[in-house]
Structure formats: structure tokens, C-alpha cells
Amino acid sequence: MKRRDFLRIGSAGLAGSLLGGSGLLAWTPRASAATIDRTFYVTEGFITQIDGTDVYFRGFSSSPNGLNVPGEALIVQAGDTLRITIDNTLNVATSFVIDGVVDSGPIGPGQSRTITFTVDTPGSYLYHDGLNAPHNRLLGLHGGLAVMPSGSSNELYPGSPTFVQQYFWIFHDIDPAWHDRLRRGLQPNTAYTPRYFTLNGLSGRPPGAPGNGDPAIDSMHDPRSALHGSIGDRTLIRIMNAGLAAQSVHTHGNHMEWLTENGVIRPDVWEKDCLYLDGDKGALDVIYPFEVPPDSWPPARTGEYPMHLHSEMSQTAAGGYYMFGAITDIFFE
Amino acid sequence: MFDIHERKRPEMGMGGRRGGGGGGGGGMMGGCYIYDENQRPNDTLVTPDVTFRRSIYMNGSMTMDDGNTVTIWGFNDGGGGMMMGGPFPSPAMRVTQGQIVHTQLSVPMCCAHTIHHHGIEPGWESDGVGHISWDVSGTTYTYQWRPMHPGTYFYHCHTNTVLHAEMGMYGALIVDPPEGVGTLYSGGPTYDMEAFWVVDEIDSFWHTLGWTAGTCGADVGLNDLNPDYFIITGVDGARSAMNAPGIATTMQVGQKLLARYICAGYHPQRIHFGGLTGTIHISDGRVLPRPVQVTELRAHSGERYDIIFEPDTPGEYIISCEIRHWVTGEVLGTARTRITVE
Ligand SMILES: [Cu+2]
Ligand SMILES: [Cu+2]
Numbered sequence: 001m002k003r004r005d006f007l008r009i010g011s012a013g014l015a016g017s018l019l020g021g022s023g024l025l026a027w028t029p030r031a032s033a034a035t036i037d038r039t040f041y042v043t044e045g046f047i048t049q050i051d052g053t054d055v056y057f058r059g060f061s062s063s064p065n066g067l068n069v070p071g072e073a074l075i076v077q078a079g080d081t082l083r084i085t086i087d088n089t090l091n092v093a094t095s096f097v098i099d100g101v102v103d104s105g106p107i108g109p110g111q112s113r114t115i116t117f118t119v120d121t122p123g124s125y126l127y128h129d130g131l132n133a134p135h136n137r138l139l140g141l142h143g144g145l146a147v148m149p150s151g152s153s154n155e156l157y158p159g160s161p162t163f164v165q166q167y168f169w170i171f172h173d174i175d176p177a178w179h180d181r182l183r184r185g186l187q188p189n190t191a192y193t194p195r196y197f198t199l200n201g202l203s204g205r206p207p208g209a210p211g212n213g214d215p216a217i218d219s220m221h222d223p224r225s226a227l228h229g230s231i232g233d234r235t236l237i238r239i240m241n242a243g244l245a246a247q248s249v250h251t252h253g254n255h256m257e258w259l260t261e262n263g264v265i266r267p268d269v270w271e272k273d274c275l276y277l278d279g280d281k282g283a284l285d286v287i288y289p290f291e292v293p294p295d296s297w298p299p300a301r302t303g304e305y306p307m308h309l310h311s312e313m314s315q316t317a318a319g320g321y322y323m324f325g326a327i328t329d330i331f332f333e
Numbered sequence: 334m335f336d337i338h339e340r341k342r343p344e345m346g347m348g349g350r351r352g353g354g355g356g357g358g359g360g361m362m363g364g365c366y367i368y369d370e371n372q373r374p375n376d377t378l379v380t381p382d383v384t385f386r387r388s389i390y391m392n393g394s395m396t397m398d399d400g401n402t403v404t405i406w407g408f409n410d411g412g413g414g415m416m417m418g419g420p421f422p423s424p425a426m427r428v429t430q431g432q433i434v435h436t437q438l439s440v441p442m443c444c445a446h447t448i449h450h451h452g453i454e455p456g457w458e459s460d461g462v463g464h465i466s467w468d469v470s471g472t473t474y475t476y477q478w479r480p481m482h483p484g485t486y487f488y489h490c491h492t493n494t495v496l497h498a499e500m501g502m503y504g505a506l507i508v509d510p511p512e513g514v515g516t517l518y519s520g521g522p523t524y525d526m527e528a529f530w531v532v533d534e535i536d537s538f539w540h541t542l543g544w545t546a547g548t549c550g551a552d553v554g555l556n557d558l559n560p561d562y563f564i565i566t567g568v569d570g571a572r573s574a575m576n577a578p579g580i581a582t583t584m585q586v587g588q589k590l591l592a593r594y595i596c597a598g599y600h601p602q603r604i605h606f607g608g609l610t611g612t613i614h615i616s617d618g619r620v621l622p623r624p625v626q627v628t629e630l631r632a633h634s635g636e637r638y639d640i641i642f643e644p645d646t647p648g649e650y651i652i653s654c655e656i657r658h659w660v661t662g663e664v665l666g667t668a669r670t671r672i673t674v675e
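So the sequence lines, in the order shown, correspond to chains A and B.
Numbered according to the working numbering, the first sequence spans residues 1 to 333.
Numbered according to the working numbering, the second sequence spans residues 334 to 675.
What the hints contain is simulated information worked out from the structure, not anything from laboratory work.
The structure displayed is predicted, hence computed values, not measured ones.
Ideal Cβ positions, reconstructed from N, Cα and C, are used throughout, including at glycine.
Any given hint might turn out to be false.
[What the hints assert, rightly or not] Here are the computed distance ranges between Cβ atoms for each label pair: (1) A:ILE265 x B:ASN371: 16 to 26 Å; (2) B:ASN559 x A:THR48: 43 to 53 Å; (3) A:SER153 x B:ASP376: 37 to 47 Å; (4) A:ILE265 x B:MET526: 29 to 39 Å; (5) B:THR610 x A:VAL101: 32 to 42 Å; (6) B:MET481 x A:VAL264: 23 to 33 Å; (7) B:ARG603 x A:ASP268: 40 to 50 Å.
[Said to hold, decoys possible] What the simulated footprint calls covered on chain B by chain A, stretch by stretch (three residues with Cβ under 8 Å from a Cβ of chain A suffice, anywhere in the stretch; the number is not a length): (8) 424-432; (9) 526-538; (10) 541-552; (11) 561-575; (12) 608-620.
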């Protein structure tokens, strides 16, 4: 056990996604398919919450000494072959699963295994540990995979509404009693009652709070989460729920164009300010259009707005701490 | 005047810019994350077409069908100081597309609140989000907005939202097209009558908390909503909503009823129309590219659906809305009303 021997989550993620150098997902299309190699170290550690509670997590980490929850976002294009090496540093088994695409099966303690597979269908996927479902995933073993249409830089699927930049919003909810039991190899014996709520592994640190404005601590300012754009910077957000609680994703400033639900393309694009995100691996793809907020007078071209979950329990931490939950900010620049 | 259940926690390590502790909090709120210290007038204001004035109350109550009462907070029509109690839900705002609207919110020194016009997308200084602008305390603040999309919205407090919206600080907000009441949107369908189904759940324990509970660092259980009452538009959905005017409806074959359904709770809901088929024309204040026919519908917190019913068969149709636990999906309770077709 590497108690407190971990990188604060987010700091490793900031090193960049698989092929991109910035906080949000950067992507340059290719004319032909490629083989993408990646190693994830399955690691464990404790992450200190705002109330001082140390909560046990496992992660698909980018280094053997790190702890990435979620794992770094991957972005590839349809037709690419992924060669994912899972280096399990734990003394328990793990697995690497993308539902409908690949399942490594159990990878034992101390083992390393390389899984090779091809992704054919553009879209947004959750990679996760499928063992003891949902337990290993809840402990933090999950991350996002974006599959772009081959040769495309601005579509979710061929012919989709277009965008100019893209993000992952991976939501999670955490019951520390479950994490503690699972750490000790025990089955949870209490009703699942989430107590911490995160977006891309971080939670809000509002003005005045320790860590406010620190992109490695504060989900409101984490460049993987906070939207930055000027008018017209249409932004794709790949929304995933690694936790168990159904959430309502709510944006201020603009409605979201709702493209998919749980991987299925919607028959029509609805514009919504709240979207129902299923618990237990629910998924949505939306475009935040960065239009002039339509009801502003005089018309506003700059400003700051929140994205928060309207299932408001998720805006708390440790039973209080409103605004220390799964929240980020949207910056019209 | 109020029970302040939370105590100061001045050693939370907050340096520099921080919430709370300002004069607006009456000096009681040091250490709590309330943002009343940077208040200033809205400098975008122009002459409005419509003005709403809202004060706040925090000593209202709602009597349930079982005879118990719970404390309710909300907004009153009119400015000035706090009043004894008030309507629940708060008074509706009804405006016409394209009007420039002012909402003047008056909050005494006691406490801090805001108004966020949910689904309306104004400038940031009119959005009512405390940590981005400020929480209103000891003053009157004017929000300015110009609604451009007809449909059903609601307004609610966005200070310590998890608690204040649960306590009842919300009201309906309707944007009519220029054609006025009776038309859903320009070029869209007409309707003869309206019903408001604002479905919410109440956790009686939460309704004993003070206004800063959840902002000062103490565990007050706001991660866990265990509702014991299930209400429709401020009326107990156990029995009373079955006959409450504006919620329950009696109509004739050939008439068109517009139901404005707002999911005002925090747990997901599933609403069944008791054998009727409705047509959704608008959701979240946006006309659907193609209307959708439904006999039931699921929704989550903050969603709105504008549904037209044109029943052709006389009868009594029970509208039932299940409130389901956000993790387990277990039905926690059901709120009911009816449509009687003659
Ligand atoms: Cu309030
Ligand atoms: Cu809202």
C-alpha cells in the first residue's frame, strides 16, 4: 500500500492525452489507420477529500508511481489498432474492458498483459475494470476513449453536427464506506450512499476554498473540465457516468445540443438545459454551442457560467460543503 | 428569527478572496461559503417592459395530507422585508417572448439568496449564481433578461442551492409567444387550458436546517435525500393533488390541455399519463424538431416538458409520477393527480 504516496489526481492527467498536448482533447486526423501503443499501470493509493478523509482508490495510471482517476483520456480514429498494456502492480486481479469492444479477462497480481484490438465505430467509450462489477470500476479503474470518424476532425460520427473542440466529462460518485470495505477485500455491507462527487476526478473548490483556481485541485478550473471558448467555438462534450447515481447534467449560458444517449444516436437533435445521465455507465454526447446567451440583454459575448449537476446532492461533499461536488465553470472569452 | 444550525468555522484556512463573513451575513456567517461580499448594482440595466418584485420568506409552512407540517421557504410578490409565510410554489412569472424583463430581488440582512431563472440564459450578472456574481443580502438586486424562446421554465434560489431549492424557493416561469396565452409558440399548436405539474419530493429532516447548513463544513446529510412527501405544485400528491385546481383538470372531449411538467425534485421521476397519450412539443424551452407522442415519460431534476393532451374518450385518467431513488431506481413515492374527460 502506498499510503499518501500518490500524485494528486489530475496532475498526471495534465501531461496531456494520448495524442494531444493540451488539457482538452487535441486531435489531428490521419489519412490512414495507425497502431496506438499505451501502457496503463494499475495502481492504488489514498486521495484526501475536502473534509480530510482519506479515501482509497485504484487507477489506470500513466506511471507506476502515479494514481490517475480517471485514467488519461485516449483519442484515436476508427480503424486504428490499440495495443494496450496493462501492468498490474496490485496484489489483486484487474481487467481492461470496453463494453462491446474488448475484454481482457482477469490479469493477475503482478502480471502484465498486452491487449490488441481494433476500434471500428466512432463514438465515446468508457474503459474500465470489469471485475467484481461495479466494484473495481467504482474504486477508480475507469477512463474515456474517444474514437473519431476516420479522417475527420470535427464530427462525432460521420455527418454529425460539427464542433471545433472536444472534452470528456467523466462523472463519479464515491461511498467511502464501500471503498474501505473493498480495500480490505470485503463485500460492502451498507446501502450505497455516495458522499463525494467528482468530475474528471476532481471536485469544486469555490472562491475562498483551499485550492480554488488550482487546475490540479479545482474542477472549476481544471482545463480538462472547464469549457473555454469564444462565440462560435462549438464544443463536443463526451459525458460518462462511472458512478452509480443517475444525474441531471445542467448547463447555464447555453442549452446543449443532445446528440447521443448511451451510445445511441438520437433521432432528432434536441436542445436541452438539463440532461438525464443514467447511473452505472450512462453516457451522453452533447455540443455546447458557445452562442451568445440567447436571453441576454444587452447581448453578452463574454462571461462565466457554471455547469453543475441539478441532482443537487452531487454538489456537496461529506454531507455539506455545497459547491465542493461535481461542478465546473464555462468561460465565454 | 431563524435557527442558525451552523456555527462559525473561522479556521477553515480560507485566505484572500473568500465567502461569508461580510456585513451582509450579519457577522454570523464567518467561515461559511456564502458570497455576499462583492455585491454591486447591475450595470447593464435598461428600461424594462415588465418588472417582477420578489421578497423572501423563510417561515412558511405546508400541511401534508397526514396532518404534519413542514417548513417552507420561498419568494413573495412585492419588494420590502421578510413577510410571515408566503405562497408555495412562489408566485409565477409570466412574460412574452422578446420583452425586456427585470426581476428585483429584495433580501434582508438576515441571510443571502439569489434568483436564477432556470433555462433562461442571460448575461452572467443576471444569472443569479453566487460564486460567479454574488449572493444577494441586505439589498435589492435587479436581474435583467429578455426571453427569446417560449415554453416552460422555473426560477429558483441559487444560493446553497441544494438546500434552498429543496426548501421550496422556486416558482414557475412561463414564456408566451407574441400570440399570447393559448398558443404554445409562433406557428405552433394552440391549447384551451393549462395544468401545472411541478413534481417535487420533500425530506422532512432537510426542512429543519438553517439557511447556511451545508456551506460551513459540517456534515448535515445533504448528500442523502430521503424524501417522505411527494408533491405536485405545492400540494401533497398523496391525495390533495387529485382535486387541486390548476393541477387536476376537468375538460371536454375536443378540448386541448397543455400540461407544463417541471421535474423540481432531485431524484429521477417517471410520470405515467393513466392511459392518455400526450404530445411533447417543447422541452426545456426549445421546440422539438418533431413532436413526440408519449404515454409516459422519464425526467430528471430541472427538466421541463410541455405536453398537449387531446383526449377523445370520456373517463378519469390518473396521472401518477413515481419518484425513484437516484442510485437504486427504487420507487420512493408516487404523487398523483387526474385528468377527467367529460
Ligand atoms: Cu436561497
Ligand atoms: Cu435550476
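List of violated hint numbers, smallest to largest: 1, 2, 7, 8, 9 and 11
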